[in-house]
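Listed in order, the protein sequences are those of chains R and B.
For the first sequence, my numbering gives the first residue as 1, with consecutive numbering after it.
For the second sequence, my numbering gives the first residue as 1, with consecutive numbering after it.
Do not take every clue at face value.
Which residues of chain B face chain R? A few of them, derived with a C-beta cut under 10 angstroms, are [claimed, not checked]:
id: 1; residue: 8
id: 2; residue: 10
id: 3; residue: 92
id: 4; residue: 107
id: 5; residue: 219
id: 6; residue: 234
Derived list of chain R stretches under chain B, where covered just means 3 residues or more per stretch with a C-beta under 8 angstroms from a C-beta of chain B [stated by the list, open to error]:
id: 7; stretch: 82-96
id: 8; stretch: 104-116
What follows is a set of in silico ranges between Cβ atoms, one per label pair, in the way DEER data are often shown [said to hold, decoys possible]:
id: 9; chain 1: B; residue 1: 162; chain 2: R; residue 2: 90; range: 52 to 60 angstroms
id: 10; chain 1: R; residue 1: 157; chain 2: B; residue 2: 156; range: 54 to 62 angstroms
id: 11; chain 1: R; residue 1: 121; chain 2: B; residue 2: 48; range: 32 to 40 angstroms
id: 12; chain 1: R; residue 1: 9; chain 2: B; residue 2: 116; range: 36 to 44 angstroms
id: 13; chain 1: R; residue 1: 237; chain 2: B; residue 2: 154; range: 32 to 40 angstroms
id: 14; chain 1: R; residue 1: 121; chain 2: B; residue 2: 51; range: 36 to 44 angstroms
id: 15; chain 1: R; residue 1: 15; chain 2: B; residue 2: 7; range: 51 to 59 angstroms
id: 16; chain 1: R; residue 1: 17; chain 2: B; residue 2: 169; range: 27 to 35 angstroms
id: 17; chain 1: B; residue 1: 231; chain 2: R; residue 2: 7; range: 36 to 44 angstroms
id: 18; chain 1: R; residue 1: 67; chain 2: B; residue 2: 154; range: 45 to 53 angstroms
id: 19; chain 1: B; residue 1: 74; chain 2: R; residue 2: 15; range: 16 to 24 angstroms
id: 20; chain 1: B; residue 1: 116; chain 2: R; residue 2: 151; range: 57 to 65 angstroms
id: 21; chain 1: B; residue 1: 86; chain 2: R; residue 2: 233; range: 20 to 28 angstroms
To be clear, the hints were calculated from the coordinates, so they are not data collected in a lab.
Glycine included, C-beta positions come from ideal geometry on N, C-alpha and C.
Read off the chains here:
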Amino acid sequence: MGPTLRQLLINALSIGFLIFLWYVCSTAGWVPRVFLPPPQDVWGALVAGFSTGTLADQTLSTVFSMLIGWFACSLFGVLLGSVIGIWPLARLSLGPVLEIFRPMPPAAIIPLAIAILGLSAEMSLSVIIFGAIWPALLSTVHGFSSIDPRLKEVGRALGISPLAFIWKIALPNATPDIIAGMRLSMVISLVLVVITDMITGQIGLGSLVVLASRTFDMAGLFAGLCLLSLIGLVSNSVLQFAERRLLRYKQ
Amino acid sequence: MTTGFNYRPWVVVAVLIGAWQWALGGHAVVSDTLVAPGPVLHATIRMLIDGSALKAGGQTLLATLVGLALGGGIGTIVGIASGMARPLASAIRGPVEVIRPLPAIALVPLMTIIFGLGLKMEVYVVSFAVIWPSIILSQHAVQNVEHELIEVADILEFGYVARTWKIILPAIWPRLVVMLRFTAAIALLIAVTVELVSNPWGLGHEMMVASWGLEPAKMLAYLVVVTAIGWGLNWVLLLVERMITAGPGAAER
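With the hints as extra help, turn the sequences into a complete structure.
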């Protein structure tokens, strides 16, 4: 526990120093206040926003969309990835096709999605799913196709059904890859929620940031940025914790 | 069978395009917002010939590469320095972990207020997105350099510069190229997205304009160009990676 505690202390000190630096830069006028509001103003904006409830609504909406998108793309990604990973014909025929789509920037399908679905919540969700599914999907495929041949032989020797093979051997074996992919999917789905909010103007932190910048409400803008980084930090830490708990048997 | 030509993906692609053609070629769906593959191909070729795709692609690529160079450069320097000095690594860890989860795109409004629209704003947003993975990946690369090599540097009593230049950099070089491939994809994604959201130039903007203007052929043609650039960038860096890991001098390493 010693080294972790020490690292925590160092983290607190260094983040404190960063905020102090921010305070000095903004109050001493080294950076114009128009660009960098002092931390106490941002804190004030956060408190005011949460006490009136508008900021809470926007934050919850962003978190909610992120979680729905992430859940959907994890589900589809793992299901589709299992099929492709376990079935050689699907792997041979679909694998290279997926590689064609992968380098496509996920946000680039937004105009297409708008053309089909309009500026709607369904559009946002489909963009999030389409963009964030890749890490979950491809890591599942990888996890399934890199099963130790000996494990396959065990499965054959025991004469278990393909479904039981997936459930009892392949899936546990692919879990580390799948979780790593799901973590990346979470990051991407947060990014895509912000982007779709910004474009469609739906309630959320993305549109909050845009509106704040249009009214030169820099404290509000920074409050939005702080909340976004907090959401990212918390969601990633939770998944990292889950990863460590779930994979404890591997160590 | 396994060594033969894998024709299956082509069948899948052909079926997909065939279905697309069937659905939108006047049979199943009538749409103002979507078109069949024929017109898209036509629009792509026309845009390539009249140079509009190249102009927009060049703008996007310029912002991508400058942002990648700036963010990747700073990130790699910080990463290597912190990888060599443990105290520095633990000192920057907290701030990096706190700022890193912020989606770079959310900075677009702020950067627009500071720098205005244009190349500068886009470059800074791209470099913000690239800098964090660069720091972390290069730091890991340095920390994973074999102990023997570090000991050699200790015995030779190398200073920091000689140590970095003669031991660390050659050892982490292949990993840096992998990192570059990874961050280049992020940079392109962010550049296109900045253009989609606000910056009035480049492929993203052209796509958005085509979408609002109900010119589906043009919009999809730009999507093809964006994908081709992403694919090309990945391919070039993969080639570099292969040259480094399999080229002359690899054996010495």
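Each hint, compared with the structure:
Because the smallest distance between the Cβ of residue 8(B) and any Cβ of chain R comes to about 3 angstroms, under 10 angstroms, the interface hint for this residue holds. Hint status for residue 10(B): holds, given a least beta-carbon distance of 9 angstroms to chain R, under 10 angstroms. Residue-level restraint check for residue 92(B) holds (minimum Cβ-Cβ distance to chain R is 7 angstroms; threshold 10 angstroms). Evaluation of the residue 107(B) hint against chain R yields a held restraint, the C-beta minimum of about 7 angstroms falling below 10 angstroms.
Interface hint status for residue 219(B): upheld, as the beta-carbon distance to the closest one in chain R is roughly 5 angstroms, under 10 angstroms. The interface hint given for residue 234(B) holds, since its Cβ lies 5 angstroms from the closest Cβ of chain R, which is under the 10 angstroms cut-off. By the rule of at least three residues with a Cβ nearer than 8 angstroms to a Cβ of chain B, the coverage given for the stretch 82-96 of chain R holds, with 6 such residues. Counting residues of the stretch 104-116 of chain R whose CB falls under 8 angstroms from any CB of chain B gives 12; the rule of at least 3 is met.
The hinted range of 52 to 60 angstroms is satisfied by residue 162(B) and residue 90(R), whose Cβ atoms lie roughly 53 angstroms apart. A hinted range of 54 to 62 angstroms for the beta carbons of residue 157(R) and residue 156(B) is consistent with their spacing of about 56 angstroms. Our hint of 32 to 40 angstroms for residue 121(R) and residue 48(B) holds, since their Cβ atoms are close to 36 angstroms apart. The given range of 36 to 44 angstroms is respected by residue 9(R) and residue 116(B), whose C-beta atoms sit roughly 42 angstroms from each other.
In this structure the supplied range 32 to 40 angstroms holds for residue 237(R) paired with residue 154(B), their Cβ-Cβ distance being about 37 angstroms. Checking the proposed 36 to 44 angstroms range against residue 121(R) and residue 51(B) shows it holds: the Cβ atoms sit about 39 angstroms from each other. Distance hint check: the CB atoms of residue 15(R) and residue 7(B) are about 56 angstroms apart, consistent with the given range 51 to 59 angstroms. Hint check: residue 17(R) to residue 169(B), Cβ distance near 30 angstroms, so the stated range 27 to 35 angstroms holds.
The given range of 36 to 44 angstroms is respected by residue 231(B) and residue 7(R), whose C-beta atoms sit roughly 41 angstroms from each other. Checked against the hint of 45 to 53 angstroms, the pair residue 67(R) and residue 154(B) passes, with Cβ atoms roughly 50 angstroms apart. Between residue 74(B) and residue 15(R) the CB atoms are about 20 angstroms apart, so this pair conforms to the stated range of 16 to 24 angstroms. For residue 116(B) and residue 151(R), the Cβ-Cβ distance of about 58 angstroms falls inside the hinted range of 57 to 65 angstroms, so the restraint holds.
Range check, residue 86(B) to residue 233(R): about 23 angstroms between beta-carbon atoms, so the 20 to 28 angstroms window is met.
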